[in-house]
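A.B. asks: Each chain is listed here by its residues.
There are 4 protein chains.
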Amino acid sequence: MSKTVNVFFMADIVGQPGVDIVTKMLKGYIQKYQIHFVICNGENAYRGKGMSNEILKQLRGVGVDVITGGNHIWDNYKFHDTLKKDPAILRPMNYPKGTYGTGYGIFDLPNGLGKIGVLNLQGRTFMYAIDCPFRTADWVIEKMSQETKYIIVDIHAEATAEKIALAMHLDGRASAVMGSHSHVQTSDERILKNGTGYCTDVGMTGPYDSVIGMVAKPAIERFVYQTPRKYECATDDVHLCAMVIKLDAETGKTVFLERIFFPEFEKSTMG
Amino acid sequence: MSKTVNVFFMADIVGQPGVDIVTKMLKGYIQKYQIHFVICNGENAYRGKGMSNEILKQLRGVGVDVITGGNHIWDNYKFHDTLKKDPAILRPMNYPKGTYGTGYGIFDLPNGLGKIGVLNLQGRTFMYAIDCPFRTADWVIEKMSQETKYIIVDIHAEATAEKIALAMHLDGRASAVMGSHSHVQTSDERILKNGTGYCTDVGMTGPYDSVIGMVAKPAIERFVYQTPRKYECATDDVHLCAMVIKLDAETGKTVFLERIFFPEFEKSTMG
Amino acid sequence: MSKTVNVFFMADIVGQPGVDIVTKMLKGYIQKYQIHFVICNGENAYRGKGMSNEILKQLRGVGVDVITGGNHIWDNYKFHDTLKKDPAILRPMNYPKGTYGTGYGIFDLPNGLGKIGVLNLQGRTFMYAIDCPFRTADWVIEKMSQETKYIIVDIHAEATAEKIALAMHLDGRASAVMGSHSHVQTSDERILKNGTGYCTDVGMTGPYDSVIGMVAKPAIERFVYQTPRKYECATDDVHLCAMVIKLDAETGKTVFLERIFFPEFEKSTMG
Amino acid sequence: MSKTVNVFFMADIVGQPGVDIVTKMLKGYIQKYQIHFVICNGENAYRGKGMSNEILKQLRGVGVDVITGGNHIWDNYKFHDTLKKDPAILRPMNYPKGTYGTGYGIFDLPNGLGKIGVLNLQGRTFMYAIDCPFRTADWVIEKMSQETKYIIVDIHAEATAEKIALAMHLDGRASAVMGSHSHVQTSDERILKNGTGYCTDVGMTGPYDSVIGMVAKPAIERFVYQTPRKYECATDDVHLCAMVIKLDAETGKTVFLERIFFPEFEKSTMG
Ligand SMILES: [Fe+2]
Ligand SMILES: [Fe+2]
Ligand SMILES: [Fe+2]
Ligand SMILES: [Fe+2]
Ligand SMILES: [Fe+2]
Ligand SMILES: [Fe+2]
Ligand SMILES: [Fe+2]
Ligand SMILES: [Fe+2]
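Going down the list, the protein sequences come from chains A, Z, D and P. Those letters in the first sequence? Residues 1 to 271, per the UniProt record's numbering, in order. Those letters in the second sequence? Residues 1 to 271, per the UniProt record's numbering, in order. Those letters in the third sequence? Residues 1 to 271, per the UniProt record's numbering, in order. Those letters in the fourth sequence? Residues 1 to 271, per the UniProt record's numbering, in order.
Bound-form chain A, shown alone (with noise of 0.2 Å):
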């Protein structure tokens, strides 16, 4: 088996709860999975909006290398100075220019195994009219290229189809395209033809009994009256979703692809 770099990426971790199950299991996968960089989308993180300081040294303290973001990762306002500052924080790069934060970082592997990239793109069916994430994936991933071979997209979007169709059209070109943003992970993880590890959503790391994250209650009521509700961030049965992402070390190309749905639910009942 020859040398690979492997990555540990986690779609939207909501609230507190996510926080937790995050800081509880992490170091347990990075050692079991032999993970060089693990990739975090925190838009949802603090209190289901946007980031917090204190969450961000919570899961560095456990090993997350990066936090991608979203649509939410405006939301908390006292997290906007670090957005400005820290190149480990990510928001979506095809946000128009003017609007602080970057959307892609370079990073160090650990064990002398170069560097890797990171890009964080955003969809625009059904959500905002920002620049093309097609063509900003074209020259931003041509500039990454030139410094390293390993390069993570995460790709924050609501229609399924324009999240497969950023993947093949970036297939080859990106070692991985990782979805986020439905908070609900689909189980179509596989290696693209020219070697793009792709997987629609990788899904929630919080509370399932909930709304994609939130209290059933005002949720369902949001769709049957259409008037404004509380949101509230829920707090049971919290599941860790993620995607071990090996890379082969020659090529930069997705070798392995191993979904994690932690725990499972139970799916029979019969005796």
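Among the hints, erroneous ones may be present.
A pair counts as met if it fits within one copy or between any two copies, since identical chains are not told apart.
Unchecked claim - Dumping the calculated DSS-like pairs for lysine-lysine here, alpha-carbon to alpha-carbon at most 27 Å:
(1) Lys149 x Lys49
(2) Lys57 x Lys27
(3) Lys57 x Lys78
(4) Lys230 x Lys85
(5) Lys230 x Lys24
(6) Lys267 x Lys32
(7) Lys149 x Lys85
(8) Lys85 x Lys32
(9) Lys230 x Lys49
(10) Lys24 x Lys97
(11) Lys143 x Lys32
(12) Lys49 x Lys78
(13) Lys57 x Lys32
(14) Lys27 x Lys115
(15) Lys193 x Lys230
Simulated from the structure, these hints should not be mistaken for lab results.
Given chain A's structure and the hints, the job is docking chains Z, D and P with the ligands onto it.
C.D. replies: Chains Z, D and P with the ligands alone, transformed into the frame defined by chain A:
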């Protein structure tokens, strides 16, 4: 082990490739899981858009009992007559009064197992402004419950939150709530607190060398150029997605879920 | 000339500047046009978002009879109690059952002219998935017609097509259908074939040195950066928009429309 | 009175009825207002959807200098070649790079008046995720300004706020910013602080016994049933909408606006 009613549920079947793999595989699954009833969503079966009478015949020939629909079920005008007359062809129930066709039905089960109800609903978030799926479910399920305790809901919707909210709203009243429309299978199948089986999306049966069933190049160009491109149904890398749902014959609640994705994608190319 | 019932209709009043110009001007208009009844849309009266009890008192003090609403009518929580109890404060009728408040009312006219009905509706295109405004209008107008032949509809909607379609649908059944929500007055007021007076939008009463009432700079930045900016109500260049609607006292049909935009903009700087 | 450059601007011309009233009336307006340059939006000229070469010939024959477009300009495939080659046929400039056609042009004025620039932009709110109209305007107007001080912008957009924000953004840089797409004329034409003439929508030229140009019955049914109905261009009650814009020949700023709605609707049936 107590007696169960065994249902085989398929979400969006796309194009002739999708229809053909169902034709080839379904009988085997029926046998393997001792399936009593087969439901599949046909909104994209005819060239990716709508249904046809030929495909209906083909699907029935291999054991499909009920066809459900969604936003694309109206696309082939030649199928409208069947939609009007055939009680085993459903379109989302919460289309407004005056829309032809129906959205639910009560059907006979084999082996003296009684009857089973199927309800097709459509979400509204990022979709059409039809009637409330929550309220529609309330009254239809109450009505169906007078005839049977086995009730399967196909919730055809874009937003994950709307699907989960509906399932939580119906927990304990429907036997199972299964999602369709996103064309990507989710891995969150579970039995909710009060016994309702749930999965956000059971996933596309059709060609995966594509963008949700469409040839990739024009699909990518639609996102990149935002101008019309000709839709063309893809053909390669065909997979079948389904859910096996076993209902307790006494209570009508889900007691077993098994998610099918066949054949599995390659997830490792490591030696 | 036959006897008429004279109505003064104002669409979205924005902020204290809007409320103040109404306070200053309304009595003059009432006198000039011998107005019997005054309706105004208050969804943006309180700092641009919702209504307040103080503003209600101020508007009533100068002759406003009925306040209609729209998507922003829920914005000020302190006004909810009034919305629940006061029959002359309307919110769009086609919000789902279970929403507090009401969307129509029958009110006394002065001078023994009998009664007048007001119905507030909201569109769904590019807005919330509430009940169908067409069907809601059908049953409510039938009900109102048993009490009065004078029926004024405030259709609060985004899409011009939806407003026009509703007016055509109600032509001959409502006395007048007047649009709100776009904050820009349209010049298409007319009497439809069967006697219903119509205007797509009666226009904002408020500060025009703004983007639909909001201070221009943050409003522009929202479009340019697609990230949150603080909403702030503008103050300058205040204009009043309204429609004078005269209904034939016998038939209830519109016999006269006069659109008001005061003061007029300067349209020429030529010597 | 100083010398002026006189522009006649028409927004969406709908179908043959719209084209025919332009054919019949335009020469008279050109004469009456001593018009030097005629711009009209042709996205709905051909049967309500797109443009045709025959209509182009007809419109040019009566004095139209430039055709602008919008989201429907791509609808008639037979016109694509003209869109590619003819510099006086514009489509919104902020469609992504790689889209054929162009979105601006510099054209000769008669009588030694020099040149005039026309820029076609499209909004994004509730529309397609194309490039930013604000940024596109910034660089294109800077470029155009090197050749002429007369610059007319057609902003084809759904949301009133986006149109006004763009006009405020360009105040003092464009001679005039005129809106199209809503198919309803607004009465808010004015000269902004720094000399830019503005109107949110100049309005449809076409059949008004319709829903924005479409036969009313199927248009209403689309809203009521939310399922497809056949689009059919209406024919009756044809009106012409336009704006006369006079620019100071020295400064390029708007010095005079006159809004045309011909023939006027009947607004009174009182004896
Ligand atoms: Fe999220
Ligand atoms: Fe998100
Ligand atoms: Fe589908
Ligand atoms: Fe669908
Ligand atoms: Fe408003
Ligand atoms: Fe509104
Ligand atoms: Fe148009
Ligand atoms: Fe348009």
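A.B. asks: When no copy is specified for Lys143 and Lys32, does a C-alpha distance of 27 Å or less occur within a copy, between copies, both, or neither?
C.D. replies: Neither, since 33 Å and 52 Å both go past 27 Å.
A.B. asks: With identical chains, the pair Lys230 and Lys24 could be close in the same copy or across copies; at 27 Å between alpha carbons, which is it: within, between, both, or neither?
C.D. replies: Answer is neither: 29 Å inside a copy and 38 Å across each miss the 27 Å cutoff.
A.B. asks: Is the C-alpha distance from Lys57 to Lys78 at most 27 Å within one copy, between copies, in both cases, or in neither?
C.D. replies: within (14 Å within a copy, 39 Å between copies)
A.B. asks: Is the C-alpha distance from Lys230 to Lys49 at most 27 Å within one copy, between copies, in both cases, or in neither?
C.D. replies: Both: 13 Å inside a chain and 17 Å across chains, each within 27 Å.
A.B. asks: Between Lys193 and Lys230, at a C-alpha cutoff of 27 Å, which is it: within one copy, between copies, both, or neither?
C.D. replies: The answer is between: 24 Å across copies meets 27 Å, while 45 Å in one copy does not.
A.B. asks: Go through the copies and call it for Lys149 and Lys85: within, between, both or neither, with a Cα cutoff of 27 Å.
C.D. replies: For Lys149 and Lys85, the Cα distance is within 27 Å only inside one copy (26 Å; across copies 42 Å).
A.B. asks: For Lys149 vs Lys49, is the C-alpha pair at or below 27 Å within one copy, between two copies, both, or neither?
C.D. replies: neither (33 Å within a copy, 40 Å between copies)
A.B. asks: For the identical chains here, do Lys230 and Lys85 meet the 27 Å Cα criterion within one copy, between copies, both, or neither?
C.D. replies: between (32 Å within a copy, 23 Å between copies)
A.B. asks: First find the shortest C-alpha distance between Lys24 and Lys97 inside one copy, then the shortest across copies, and answer within, between, both or neither for a cut-off of 27 Å.
C.D. replies: neither (38 Å within a copy, 45 Å between copies)
A.B. asks: Between Lys267 and Lys32, at a C-alpha cutoff of 27 Å, which is it: within one copy, between copies, both, or neither?
C.D. replies: both (26 Å within a copy, 18 Å between copies)
A.B. asks: Regarding Lys57 and Lys27, is the shortest C-alpha distance of 27 Å or less found within a copy, between copies, in both, or in neither?
C.D. replies: within (15 Å within a copy, 55 Å between copies)
A.B. asks: Check Lys57 against Lys32 for me: Cα-Cα at most 27 Å, and say if that holds within a copy, between copies, both or neither.
C.D. replies: This pair counts as within: shortest intra-copy Cα distance 23 Å, inter-copy 51 Å.
Hint compliance for this structure: hints 1, 5, 8, 10 and 11 are not met, and every other hint is.
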